[in-house]
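Student: Protein chains in written order, with my numbering: chain D, 36 to 694; chain A, 36 to 694.
Wrong hints could be hidden among the right ones.
Same chains, same names: a pair is fine if it fits in one copy or spans any two.
Below are the EDC-like pairs computed for lysine to aspartate or glutamate, each with C-alpha atoms no more than 16 Å apart in a straight line [to be verified]:
id, residue 1, residue 2
1, 210, 289
2, 210, 352
3, 157, 268
4, 321, 280
5, 210, 299
Rather than coming from a laboratory, the hints here were simulated on the basis of the structure.
There are 2 protein chains.
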Amino acid sequence: MKSQCTVEFLPHNRSVEVDVGETLLRAALKAGVHINASCGGEGVCGKCRVILEAGSVDGGLSERLSDEERNLGYRLACLAVVSGDVTLRVPVESAMDRSVITLQATPRRTASIRQMDFDCLKEEGLFIPPVAKLHLRLTPPDANNNMPDVTRLIEHLKQDHGEHRLELTLPVIRKLPAILREADFEVTATVVRPVRDIGRNLILNVQPGDRTAHNYAIAVDIGTTTIYGQLIDLASGSCLAEAGDFNGQISYGEDVISRIMYAEKPAGLAKMQEVVVATINAVLDKIISTASVDREDISTVTLSGNTTMSQLFLGIEPRYIRRAPYVPAASFYPPFTAADIGLTINSHAIALVYPQVSSFVGGDIVAGVMGSGMYRQEELTLFLDIGTNAELVVGNRDWLACTACSAGPAFEGGGIEFGMRAAKGAIEDFSIDPVTFEPMIFTIGDVRARGICGSGLITMAAMLFEMGVINNRGKFQRDLPTPRIRERDGVWEYVVVWQKESQLDRDIVLTEPDLDNLIRAKGAIYSGCMTLLAEVGLSMDMVERIILAGGFGSYIDLEKAMTIGLLPEIDPARVTYIGNGSLMGARMSSLTNRIRHDVVAVTSKMTNFELSETPSYMDKYIAAMFLPHTEIEKFPRLKARIEARGRAMSNGVDAKSEA
Amino acid sequence: MKSQCTVEFLPHNRSVEVDVGETLLRAALKAGVHINASCGGEGVCGKCRVILEAGSVDGGLSERLSDEERNLGYRLACLAVVSGDVTLRVPVESAMDRSVITLQATPRRTASIRQMDFDCLKEEGLFIPPVAKLHLRLTPPDANNNMPDVTRLIEHLKQDHGEHRLELTLPVIRKLPAILREADFEVTATVVRPVRDIGRNLILNVQPGDRTAHNYAIAVDIGTTTIYGQLIDLASGSCLAEAGDFNGQISYGEDVISRIMYAEKPAGLAKMQEVVVATINAVLDKIISTASVDREDISTVTLSGNTTMSQLFLGIEPRYIRRAPYVPAASFYPPFTAADIGLTINSHAIALVYPQVSSFVGGDIVAGVMGSGMYRQEELTLFLDIGTNAELVVGNRDWLACTACSAGPAFEGGGIEFGMRAAKGAIEDFSIDPVTFEPMIFTIGDVRARGICGSGLITMAAMLFEMGVINNRGKFQRDLPTPRIRERDGVWEYVVVWQKESQLDRDIVLTEPDLDNLIRAKGAIYSGCMTLLAEVGLSMDMVERIILAGGFGSYIDLEKAMTIGLLPEIDPARVTYIGNGSLMGARMSSLTNRIRHDVVAVTSKMTNFELSETPSYMDKYIAAMFLPHTEIEKFPRLKARIEARGRAMSNGVDAKSEA
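Based on the provided sequences and hints, a complete structural model is requested.
Tutor: And the structure:
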C-alpha cells in the first residue's frame, strides 16, 4: 500500500501529495485550496463539503449530510481521510468564485527540517570523535618491570594504540592501582581528545574490562522555560534518550529579567543555580534511566543556553546583563568537572558550556549557528530564532554579525486579544474565501478553536492582506459585504470563529490592535536584519538562505511570513528549520571536536550590534511597519500576486455582472 | 676586628683559620691535631692542655690548672676561645708521640654547602618566572564598547602587556564582574606561565588595584619525620619565612612501612591524608603569619616527599609500594587546586607535587637532583641522601641512574650500643692519640657525652682504622697497651668516655658489633653505588662530584667517610652538601618554570634499579664489607697514609728504643 497519495482538487486543477490518513481539509490547505471550515475539524459546522469525483476516501460521512448528498459523493473534508488517489470537487457558488479560485492562497509551505546528525558529520569529514575508549591488556608488573601503574598504562596506550601526549587526572591515579589488580590488568581507558591541535589527550577514566562499546555523552539545552537533555551514543552517533522538563527557575520568574532580579537578592544567585542544576539533574536521571546506560560510561556533558541561563547555571553574577551597557561576564567558559557544579552524572564527566556573544546573543544562538553548519556555508544566510526576543545572525563562512531585538510577545500570543501559545485548540492555519470572506481554519489537535497562536496569526495577516481585506497598514476595508468584519467599541475586527463553533463563550476575533502588534513584532525583526546587513554594507535582498530555529519556526508558513514581511522573500526551498538549535549544537559538540574547535573562532568573529546603539535602526523600523514593507519592490512575488488578484477581482466582477 | 684568625699548632706546624670565638679544641679538630679530651668541653677532665706561645686567647683558665701552669701559658683548649692570631703548643709526652704527630687525623673537612638560589638561577639564565602579576587599567565599558568583562581583561592583557594564549578559570570569571566595578576597572591579574612551550597562560586570579609587588609561592618538603615549609617572594627570590613541624602521621607509625600499614586499615588512607594535610596547614599558618603576607597573593605551592609521603598526601592507595614488585601508582601527578586537597592557602593557589621515580626513589630525591642542578652538569656525579634508607643517584646531564638501599639505622644511632640521633650530648667528632690511644671527643652542644651519633661513628671507625686500632674487618687489635680496649662479656670494645666524664652511669663504648653494623651500612651504600655504576658500564673511581643531601650529610667528615669506604675517595672540594634537597627542589620549582619543565624529562630518564633484582649487588656488597673495601687500591690517599703511618710507627718505635 502506498504511503503517499495524490489528491486532486477541482475546479482548481491543483494536486498535492499527502500521507495516507491525512484529512482532505489539510490536503486542501497544503494545496492552497480554500474550503470554508470554521469548527476546527470536529465536523460540527458542516461547511467543508467536497464532492468525491474519482477514487475513494475513508470517513467524511456525517448527519450533517443528507442521504442524497452522500450518494452524490458529498463528504465533510475535515472528517474524510485519504486512503488512495482521489479527485475532489470543491463546490463554488458563483462565476466570480470560479474566476478567482486559481488565485487563492499560496500553498502552505513550512521550512524543510534539517537536523545535523552523525552521518552529516561523517559525510562532511567533520567527525573527530571527542572521546575514545581504548581497551588494554597490560603486562602485569614483575620484579624486572615494576614501572609505576600510570607509566605502564601510558606505555601500553602508546604501543597498543599509538597514543601520544597523554595526561591524566588525580582521581584516575587514585583509582588505577586497585582497578588494575582487580581486573587482572585488563582495562578500558577513556581518552578525551584535545580541541586544539597542540593539546594533550586526557585520560579521564579507567574502567575494569572492556567497556569500549559503552561511550556516551550528554547534550543539554538550558532554556529559560524548558530544559532538554539528550543522551548520545558516541559510537553510533544516535540519540538514545531525550527528555525535557520545565526549568525550575520558573517559580522565581517567567523571564530572564525576573530571574536576574531574583539572583540579585541575598543568596538569590545560589538559589537560581541550585534550582536549575536540580532540573538538569532530573532530566539527566530520566534520560540515563531510559537509555539504561551506566553513568560511569558518560564522559562529557555539553550545555547551551542564553547568556542569563548560562551565567545562572555557572553561578556567575548576572547583574550587569540587564543594565546598560549590557555587559556579560565572559564569552568563553573553561571546561570543568560536571560534579563540581552539582551535576550528578559521575565524578569525572567534563562539562562544557557554549560561549556567549553578548548579553542578548547567548550560547543557545551560538549553538544553533554551530549545529546548523551555517558558519561553514558560502551563501549569505539569515539565522532567526524568534520568541519574545528574536536573535538574528547574518553572514556566512567568512563573517557573521548578530543582534537581538525585542519582538514583543505577539508570536507567543501576547498582546493579541485571542492570542495563545501553540497548544491544543490554537488556530495554527487559516485561509479566506476572497469573495465571501468565509474562513478555513485549522487548529492544533483538530478541535474547536479557543485562540490564535503565532503561526495562525501570521497566516491570517498574510491572507487578509493578500485578499485585500486589510491594507498595508493592517486596517480593515470598512465596506466589505460580510458580517465577519465589524466595528465593536470603536475597534475594527474580523470574526475568525463564531462563538457557537468555538470552545469559548464569545466570538474569536482578530482586531486591528492585534494586527498593529503583529506588525510591530515583524517590523522589529525585519528591520533588525536590515540594520545588521546595512552595518556590513549589504541588503536584505542579498539573503540566500534562511535558517529558522526555536519552537516557533516549525509552524511558520513561509510564504505567509514573507507576505507580511517577517522574512525576506526568497525561494522557500532555501529556508530550513533546525528545531531546537541550542540542543542540536550541544549534541554536535558532543559528537565532534571539530565543532568544539570551530566554536572558538566562530564566536570570536560574531560581531554583535546593539540595535539601541545603531542610529539607522529606528528609520528601518518605521519603514518595516507596513505589510510587507514600505518598499514592496523587495517582495516581487507578492507584488505579482497582488496585481494578479486585482485583475482577477475585476474579471470576477465583470463575470458576475455578465451573469 | 677580624672575624677569622689563624691558629698555629706546634709541634705539628699546622695552621688553621677559624672564626673568632671558636674554642681551641675545635680549632685543633679542624687542623687535624689531636688533643686528648674526653669530657665534651665542659672543662672537667682537664686533659686538653695547650701552651700559649704567641698571641692570646679568651678564657681557658680553670681550677684544674695551677697558678704556675697558668703563668707558663697553659690553657684548657676546650674552654679557651680564639680572639686573635695565636700559636699554641700541644704537650707531647714522648719522642714517639712527636714522630707520629704529623700523621694524625686528616683535617676535619665537611662538605661545602651549596644552596641553589635565585641569583644562581639568574646567572645561569634559568630564571623563567612561573607566575607574573600584571597591573591593568581597563577602559570601562560603554554603549559602544560592551564586550564581556573577560574579553576586556584579555584584550588589555594583550595590548598593555603583550600577553597571548590566555585562558582562565571559572572562579576568576565569577569574581571578575564585581571586582572590576568595585575597583574602577583597575586590577591586577595573576598569570601562571605554561611549563610547556606550547602551553597556555592561565589567569589564575584577579585582584582590585595594583598588587604587583605581592607575588608569593610556597615550597613544602613532606618528610616522613618533619615537614618544612618556606614562603618565597617571587619578585626577589628570597625566602620570607621558614618553619617546620613534626609530621602528624608520626603518631600512627615511625616509618613509611608502618604508615602504609595504617593506610591499609579501613579509613586509614583518609586519616593519613587528613593528618599530613593538617600538619602542612599548621606549617603554612606559621610561615604566612611570620611573613605577614596576604594569602590571596600566594599563587603556587610546590611539595615534594618520598613516594609514600606523596601518595598519602594525595590520597593514593600506597598498598603496592611495600609489596613486591614495589609498584608506585604514578611518576607524575597533574597540578591541582591546593584547596581541593584541603590546603588552606586560598581558593585558587595551584599545587604541584614532585614526581616519583619508583617506590623507593621518590619526589624528595628528584627534587634534590633538580634543586642541586646535578642534571645540568657534565661531570659524573654521585648524589647521596643517607638515612635509614639511602637513595643514590649517579649520572650527569646525559643520563641518570638511581636506586635505594636499606642502610639500616646505624647512621641514625640504631643498632649501635651507645648510638643516638644527632642531639645535645652526642659525640659528633673524635680523634685518637696514635700512641696512648687517648681520645679527643666533641659533642653536640659541648656538654658531657651521652652517646654517639652517625657522624661521630664514622669518624671513630675511620680514626680507629687509620691508627691501626681496628683492622679492615673492624676488629680491635687485642694487644694494645691501653685500658680503653677491653673485652667485656666476650665482646671487644673501646671506651670512648669513662663513666665519670660522661652524663651516663656507665662507660660509653664502641663495640665490635657496632662496627659490624656500621660496616654493613656503609657497605650497602657503597656497593649500591658500585652496582648502579656497573649496570651502566662505569666504576666508582670515575665519580667526579659528590652531592650529599639530607640532615645527615652536613656533619659527615668527608675524609673519614672516604676512609671507611662510605664515599669513594675524591677531592673533598668536589663534595657539596645541599641540605634539605627536597625543600630546595621545591623552592627552585617555585622560582622558575625551567625546573618545572626540566623535571619531566629528568624524571623520565632516571633509570631505576632495584638492587634486589641485580644479581651482582650481593657480590659487591660482600666486597664492600671491609674498611674501606677489599680493594684498597680504590682509596689511594688512604693507602698512602696507612703506609706512612706504618713507617712512622716503626720510626717512633725506633725513636723510643733510642730514647
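Student: Could you run down the list of hints and mark each one as holding or not?
Tutor: Here's how the hints hold up against the structure:
With identical chains, the CA atoms of residue 210 and residue 289 are never at most 16 Å apart, being 45 Å at best within one copy and 27 Å at best between copies. For a Cα distance limit of 16 Å, the shortest separation of residue 210 from residue 352 across copies, 8 Å, qualifies, whereas the shortest one inside one copy, 36 Å, does not. In this assembly of identical chains, the alpha carbons of residue 157 and residue 268 lie at most 16 Å apart only when taken from the same copy (15 Å versus 54 Å across copies). For a Cα distance limit of 16 Å, the shortest separation of residue 321 from residue 280 inside one copy, 10 Å, qualifies, whereas the shortest one across copies, 52 Å, does not.
For the identical chains of this complex, residue 210 and residue 299 are inter-copy neighbours only, at 15 Å across copies versus 41 Å inside a copy, given an alpha-carbon limit of 16 Å.
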